[in-house]
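Enquirer: Work out the full structure, taking the sequences as your base and the hints as a guide.
So the protein lines, in turn, are chains H and S. Read left to right, the first sequence gives residues 1 to 233 (UniProt numbering). Read left to right, the second sequence gives residues 1 to 233 (UniProt numbering).
Careful, some of the hints might be misleading.
It does not matter which identical chain is meant; a pair holds if it fits inside one copy or across any two.
[Stated by the list, open to error] Restricting the straight-line Cα-Cα distance to at most 27 Å, the calculated cross-link-like pairs of lysine-lysine (DSSO-like) are:
hint : residue 1 : residue 2
1    : K198      : K50
2    : K160      : K57
3    : K198      : K10
4    : K185      : K57
5    : K160      : K50
6    : K68       : K57
7    : K109      : K55
8    : K109      : K198
9    : K160      : K109
Just so you know, these hints were derived from the structure itself, not from any lab.
There are 2 protein chains.
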Amino acid sequence: MTTGHEHTVKAFDRDIGHLRALISQMGGLAEQAISDAMLALTRNDPALAKEVRAKDKAIDAIEAEVEKLTVRVIALRAPMADDLREVVAALKIAAVIERIGDYAKNIAKRVASIHGETHEPRIEPLSILPAMAQLASDMVHDVLDAFSARDPQAAVEICKRDSALDDYYNSIFRVLVTYMVENPKTISQVAHLLFVAKNLERIGDHATNVAEMVYFAATGQTMAERETSDFAG
Amino acid sequence: MTTGHEHTVKAFDRDIGHLRALISQMGGLAEQAISDAMLALTRNDPALAKEVRAKDKAIDAIEAEVEKLTVRVIALRAPMADDLREVVAALKIAAVIERIGDYAKNIAKRVASIHGETHEPRIEPLSILPAMAQLASDMVHDVLDAFSARDPQAAVEICKRDSALDDYYNSIFRVLVTYMVENPKTISQVAHLLFVAKNLERIGDHATNVAEMVYFAATGQTMAERETSDFAG
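Expert: What follows is the structure in structure tokens.
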């Protein structure tokens, strides 16, 4: 091994460490955005909703930084195989976290439409959404832990949780539609709640996408290939 | 200029030509998916809806090809400045088109829920959605033309059209909510139509995002910077 090569390896390790730190930081901001958006919604707190929207720019800025760094790493260090997969995964994961941040921002944007300007009656089904948000947010947290730990088995577990979230969403959809039928005056507000529930369901889908990327980065196999070989075995 | 350098330049041109062709092919498939999904919806054609869902895999496959090619180009050709911006733009645009395909697939998935299994009454507001779909699909078409032509001015024009689409969406939202209030038996079906309208609005947002990427790739400036300097001037 030449000194030049060693130098490149160390530089690569430093870069990948930096990438992991940026992803972890983005993930923390996205989790915070989900929980603040839900607090703003359940407490009818427009100031907090505004804060969520403002802070989304910080997530976007880190994504741009990840993009610059990954391009530089690929161009300068020319990583191969496992290392290249990990760098590309970081780039793609950053794009997904940015979208998760957008969903949280979108929930925050709906606070005013859901509560209305006048003091309209409280929408009861609102109370079942925070538990769904917690499920989605936990998936985001755990999948980023799996990325940091390069743990494909944890990634598989997270994918399994997505169907529980989908079931939760389907129940909420029915509850909200029934509520609309029984309380036609609230239809406009509850329609916004349907979108909130859908946003939470999409956050879970994105966490699942990240889990698939983590799995591929760590193993070089897609999760579907793994399932196929399981069935074959 | 050395022969080796010339060789790299020619190889780069060939790669970027290949990338553009892949993006254009993906875009064509995404446009087709939007129009087929809307046909399936307005004609209540479950077979066509199923076809849209199946064809989405082709879009995903091209995205994976774009990703592989961009990573190879960055690693092997080490493009700089304008060229690097264009390669990164191709990677990001492919990811956005993949999402546009997902929105079309999502519309196709709702065909059964909107029409119901029994022959329920036709939902009148369905008739106003195809025009909105056309607006969104045209934005996708035109922004990919702008990418092929490296035309930042065309990209700016596309961004302006997004607010017309947003207005359309807001009108449809109100029409659908009014329809729900007046026809409570259709609430569940119309709730799915709300999501269809929202998907079309999101497709427009994504076309706008692509327009911003095209602008940045062609000029090295973000569109916001341009606006700021316009205001300053």
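Enquirer: Give a verdict on every hint.
Expert: Going through the hints against the structure:
| no. | hint | verdict |
| --- | --- | --- |
| 1 | K198 x K50 | both (21 Å within a copy, 22 Å between copies) |
| 2 | K160 x K57 | between (31 Å within a copy, 22 Å between copies) |
| 3 | K198 x K10 | neither (44 Å within a copy, 47 Å between copies) |
| 4 | K185 x K57 | neither (36 Å within a copy, 42 Å between copies) |
| 5 | K160 x K50 | between (34 Å within a copy, 25 Å between copies) |
| 6 | K68 x K57 | within (17 Å within a copy, 29 Å between copies) |
| 7 | K109 x K55 | within (13 Å within a copy, 34 Å between copies) |
| 8 | K109 x K198 | both (14 Å within a copy, 15 Å between copies) |
| 9 | K160 x K109 | between (30 Å within a copy, 22 Å between copies) |
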